[in-house]
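6 protein chains.
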Amino acid sequence: MDSLKIILSFTLLVSLSSATSVVDFCVADFRFPVTPAGYPCKNTANLTVNDFVFSSLGVPGNTSNIFNLGVVPAFDVTFPALNGLGLSMVRLDLGVGGVVPIHSHRASELILVIEGTIIAGFIGSDNTPYYKTLNKGDIMIFPASLLHFQVNTGNSPATAFVSLNSASPGFQTTTFALAANDLPTDVIQQITLLDATQVKKLKTVFGGTN
Amino acid sequence: MDSLKIILSFTLLVSLSSATSVVDFCVADFRFPVTPAGYPCKNTANLTVNDFVFSSLGVPGNTSNIFNLGVVPAFDVTFPALNGLGLSMVRLDLGVGGVVPIHSHRASELILVIEGTIIAGFIGSDNTPYYKTLNKGDIMIFPASLLHFQVNTGNSPATAFVSLNSASPGFQTTTFALAANDLPTDVIQQITLLDATQVKKLKTVFGGTN
Amino acid sequence: MDSLKIILSFTLLVSLSSATSVVDFCVADFRFPVTPAGYPCKNTANLTVNDFVFSSLGVPGNTSNIFNLGVVPAFDVTFPALNGLGLSMVRLDLGVGGVVPIHSHRASELILVIEGTIIAGFIGSDNTPYYKTLNKGDIMIFPASLLHFQVNTGNSPATAFVSLNSASPGFQTTTFALAANDLPTDVIQQITLLDATQVKKLKTVFGGTN
Amino acid sequence: MDSLKIILSFTLLVSLSSATSVVDFCVADFRFPVTPAGYPCKNTANLTVNDFVFSSLGVPGNTSNIFNLGVVPAFDVTFPALNGLGLSMVRLDLGVGGVVPIHSHRASELILVIEGTIIAGFIGSDNTPYYKTLNKGDIMIFPASLLHFQVNTGNSPATAFVSLNSASPGFQTTTFALAANDLPTDVIQQITLLDATQVKKLKTVFGGTN
Amino acid sequence: MDSLKIILSFTLLVSLSSATSVVDFCVADFRFPVTPAGYPCKNTANLTVNDFVFSSLGVPGNTSNIFNLGVVPAFDVTFPALNGLGLSMVRLDLGVGGVVPIHSHRASELILVIEGTIIAGFIGSDNTPYYKTLNKGDIMIFPASLLHFQVNTGNSPATAFVSLNSASPGFQTTTFALAANDLPTDVIQQITLLDATQVKKLKTVFGGTN
Amino acid sequence: MDSLKIILSFTLLVSLSSATSVVDFCVADFRFPVTPAGYPCKNTANLTVNDFVFSSLGVPGNTSNIFNLGVVPAFDVTFPALNGLGLSMVRLDLGVGGVVPIHSHRASELILVIEGTIIAGFIGSDNTPYYKTLNKGDIMIFPASLLHFQVNTGNSPATAFVSLNSASPGFQTTTFALAANDLPTDVIQQITLLDATQVKKLKTVFGGTN
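Residue numbers (UniProt numbering), protein chains in the order written: chain X, 1 to 210; chain Y, 1 to 210; chain C, 1 to 210; chain L, 1 to 210; chain E, 1 to 210; chain V, 1 to 210.
Hints were generated in silico from the structure; no laboratory data involved.
Worth double-checking, as some hints may not be accurate.
Which copy is meant is left open, so a pair is good if it fits within one copy or across any two.
Said to hold, decoys possible - Distance condition first, Cα-Cα at most 20 Å in a straight line; then the derived SDA-like pairs of lysine to any residue: (1) K136 to T159; (2) K200 to P184; (3) K132 to Q189; (4) K132 to P60; (5) K201 to G61; (6) K203 to L193; (7) K132 to S64; (8) K201 to E115; (9) K132 to T48.
Based on the provided sequences and hints, a complete structural model is requested.
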């Protein structure tokens with residue numbers, strides 16, 4: 001019977017048109033340099049479902065640090081299937097009193113509290129602060145580029161997951177940005193109005209020089 | 001002393017420039033019609049932090065339906081602060097054997113399994129299926145516009161949260177789209193190659209006519 | 001006379017600034033991997049007008065298949081000048097009773113009927129179907145990501161051209177996506193509510209297994 | 001029986017989530033001012049399939065003018081369903097010797113020749129012209145913003161359809177832009193190097209003054 | 001003679017198609033609420049060239065403030081023709097020792113030094129600082145969302161103009177964002193590691209409370 | 001003491017997440033072909049602040065040409081740090097009577113007059129001209145894709161800087177596009193309605209043939 005052949009020829013036709021399916025997704029190929037739109041794509045013939053699944057968020061991040069904060073990121077560089085798809089996720093574990101220090105990034109962020117009690121807030125470009133205590137199951141939106149923070153104010157550890165609409169959000173943590181490098185203390189003073197002793201103290205904490 | 005006045009005059013200046021902060025975020029004002037870019041924005045003077053927090057995802061959705069599925073969406077229409085910010089979230093509760101039927105939407109999606117065991121998968125435009133059993137803590141990416149599904153294959157209820165990079169992703173569930181309306185049975189037959197009896201059976205289940 | 005020299009020097013200047021003209025267009029160079037924004041560009045020095053013209057749409061596609069449908073695509077992979085320019089075109093030839101089965105893609109589509117009578121329709125994400133008989137000269141818009149279809153309901157062959165606002169729209173034909181692969185029959189049943197016999201029948205038609 | 005109720009409750013749930021379907025499409029509501037992203041959307045409850053179909057392209061445009069050219073546009077202002085969807089179409093009828101004068105627009109354009117023989121071309125930003133004789137069934141791509149033109153060089157009328165990836169492409173026809181207004185002749189001379197007599201002659205033809 | 005009529009009829013035709021020219025530009029109409037894509041557009045019939053020209057940047061900003069800094073912004077709210085066009089400009093006048101304190105915004109920025117000597121710098125999201133002394137005629141690029149600053153290090157006043165690729169860039173000045181509001185001192189301490197005395201000192205300078 | 005180790009481990013964590021900082025900026029690496037989104041990025045490890053500063057705009061362009069115009073562009077090809085960041089700048093020096101001939105580009109443009117008196121204008125797609133005399137300190141916006149021009153009408157040299165919201169705007173100067181190539185004179189006549197003698201005269205001036 002000819003119908004099988006017919007179907008096959010149609011399938012070939014469809015395959016031709018769906019050869020464009022290489023851009024359905026674009027698992028990052030790190031052998032090539034990144035572009036402004038992300039990394040070039042791996043050949044789809046070499047992909048399996050495992051490329052699209054990431055399991056590291058199931059384990060808490062290490063909180064043995066000054067902020068009592070564990071961070072496990074699923075960004076393009078750790079989960080290459082996110083490349084080009086405009087989404088990423090981060091697991092946050094905050095010990096009692098743990099802090100996500102004030103920071104910003106070019107993507108917007110939705111936080112989902114899974115466990116514990118967290119004060120979360122952001123600051124508008126007119127300097128208005130919006131902050132509130134979030135409980136398990138609450139979500140809060142942090143608009144792109146605005147400074148924001150989270151603090152575990154409960155008396156037990158807290159866990160949250162944040163989603164961001166970029167595969168590479170570009171986190172910039174304010175105090176790290178100021179103090180974890182060799183930017184001269186007198187320049188930092190001028191551009192922040194912080195006292196020199198305060199700046200030097202931060203540099204000591206964050207490992208900066210000058 | 002004059003420095004206070006000086007500061008105030010500077011603050012006024014900065015306030016002028018930051019009057020543009022109305023587009024830092026854009027809480028939807030449903031009194032006006034939506035535009036291709038989302039709803040017009042509420043006056044920022046009337047906003048509080050409560051506009052940016054949404055608590056309905058803390059409670060499981062009702063699973064008393066044919067798919068044993070509870071869905072609680074945080075989209076622009078339910079959580080207006082998402083308007084214009086390109087992110088949304090949905091809580092999924094699946095009873096034992098519960099199913100998120102095959103569907104697609106214009107946004108990409110990241111699923112995070114919070115509880116239980118779920119088979120999740122998507123199908124590329126070259127008809128290749130990518131599916132796998134996900135456990136607690138696993139995340140999986142579903143690229144924009146491609147058909148995908150989730151099934152609770154464990155022997156206890158499952159809960160997951162999905163993030164999408166649109167405030168209004170436009171879910172289209174395939175079998176609903178075919179059978180929950182008055183599209184004539186003979187047309188559905190032609191465009192799907194389903195048998196007429198199968199189409200009529202689906203129409204009965206989903207409340208369609210013709 | 002000096003004016004020629006002056007002009008030449010000016011032309012050089014303009015050439016420098018217009019060296020950026022490499023992104024006026026970007027004929028795909030398939031020797032490099034695709035990126036999320038499309039293929040890298042061929043050197044413009046090697047291009048001629050023939051790179052920008054495509055003649056395969058002048059000939060009907062082969063309709064000897066189960067859908068009585070001929071498809072000739074002009075996508076980036078077949079017409080590389082489309083790369084990066086956000087447009088593509090497809091010629092559709094439908095024999096009497098011919099069908100473009102229900103499908104979706106990430107781009108929006110405009111159909112233009114050149115010959116014959118076609119029932120065309122799409123289904124909104126609220127499951128509302130919009131369908132109508134189109135005649136020669138009619139155009140209809142199918143919004144991005146929504147399921148849609150076309151059927152030749154006349155008693156002579158029909159021809160149409162569709163334009164899409166992507167160089168690589170990512171066609172996903174619903175029944176192919178379900179049945180032309182090894183997705184297990186019981187999973188398909190669960191996620192579609194189709195009967196097992198119907199699923200197996202489709203798998204036989206479309207060459208799927210399991 | 002309870003299953004119907006169950007289905008209905010599920011349908012309500014889905015309806016809620018799909019209330020966002022207002023942005024599946026956005027038929028322009030001209031009672032409100034346009035925005036940078038297009039017109040606000042009509043209430044979907046008032047739409048029928050007729051909003052998505054446009055029939056004026058079936059009739060040739062009037063060619064009784066100096067360019068022997070008929071133009072029938074399907075833009076957002078004439079076919080409001082295109083609003084927000086990033087596509088439009090124009091029918092071109094060219095009498096023998098008919099001309100689409102040199103012009104540009106912010107969208108890219110694909111021309112499809114339906115009847116006749118047309119010389120079509122565009123000019124790169126490095127001043128390289130790309131032009132060729134197109135025959136029935138040929139398509140050619142004109143990259144966004146670059147000057148281009150079409151001339152019927154056959155000895156019978158020609159018809160073509162052009163697709164553009166904007167609902168409102170913003171055609172600017174060069175000679176009209178220069179001469180169909182009151183821009184002073186001496187300024188036009190300076191910015192084009194045309195002779196004053198030539199400028200005045202064009203102004204007479206196109207109805208300009210000064 | 002008939003050619004004039006012919007031309008007029010063609011002009012009408014072109015006018016119809018160019019009715020879409022309302023989105024060539026979109027001078028903000030502040031009587032309507034802003035949308036995520038900017039303000040609705042004024043009727044073009046009421047516009048003159050004066051809507052597209054802005055003269056306030058010709059005059060230095062007032063530098064009588066704690067930063068010895070004059071700022072004159074040309075944003076959509078002050079120069080409504082910028083609305084929807086993705087560009088803005090700011091004039092900066094820095095007295096001797098004048099400072100643009102560290103800040104960020106969602107747009108990228110190009111600075112052009114017109115007079116004087118300025119140290120300018122930005123900090124990457126990996127905390128690397130990039131800073132340099134700029135002289136008259138130098139330009140420097142500050143990538144979107146990254147912290148950056150400028151300081152007049154010369155012994156005469158300095159003037160610069162910055163261009164940004166947004167009509168509403170959303171400036172957020174770090175120290176203002178922290179201290180010019182009622183965010184509690186203990187929260188600020190936790191999220192910055194600043195000392196309480198330092199925080200209170202900043203609040204005094206910037207007019208914050210708590 | 002252990003706190004340093006703790007900080008270091010945290011820093012490593014942050015470094016991992018900020019490995020995505022490669023897309024904070026993307027200095028063009030010209031060893032690879034350009035893509036539709038710009039050039040691939042240089043390794044950030046090899047960058048210094050000098051990559052982000054450009055000094056050629058401090059020197060006037062050479063005005064010894066038929067338009068008495070000096071042009072110094074800062075585009076991605078001359079200032080590679082602009083790649084991917086959506087901004088560029090050009091210095092214009094106009095001798096007495098100097099002219100920026102009528103042209104267009106895909107980006108919008110803001111002109112800033114630094115010295116002298118300039119008539120500047122653009123033409124809407126409905127053929128309305130908007131032009132005005134600009135003085136020192138004035139800025140004017142030219143919307144993307146529309147024809148525009150500048151003429152020094154004062155009795156001393158003029159200098160201006162233009163900003164554009166693309167790293168590669170794609171300048172197309174109308175008379176060059178028509179006459180600085182081998183497009184046949186009779187075709188140019190047809191598509192512009194210019195006289196043959198005028199076309200040939202322009203070709204002589206701009207170095208075209210045919």
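Hint by hint, where does the structure go against what was stated? Just the numbers, ascending. Hints 4, 5, 7, 8 contradicted; others consistent.
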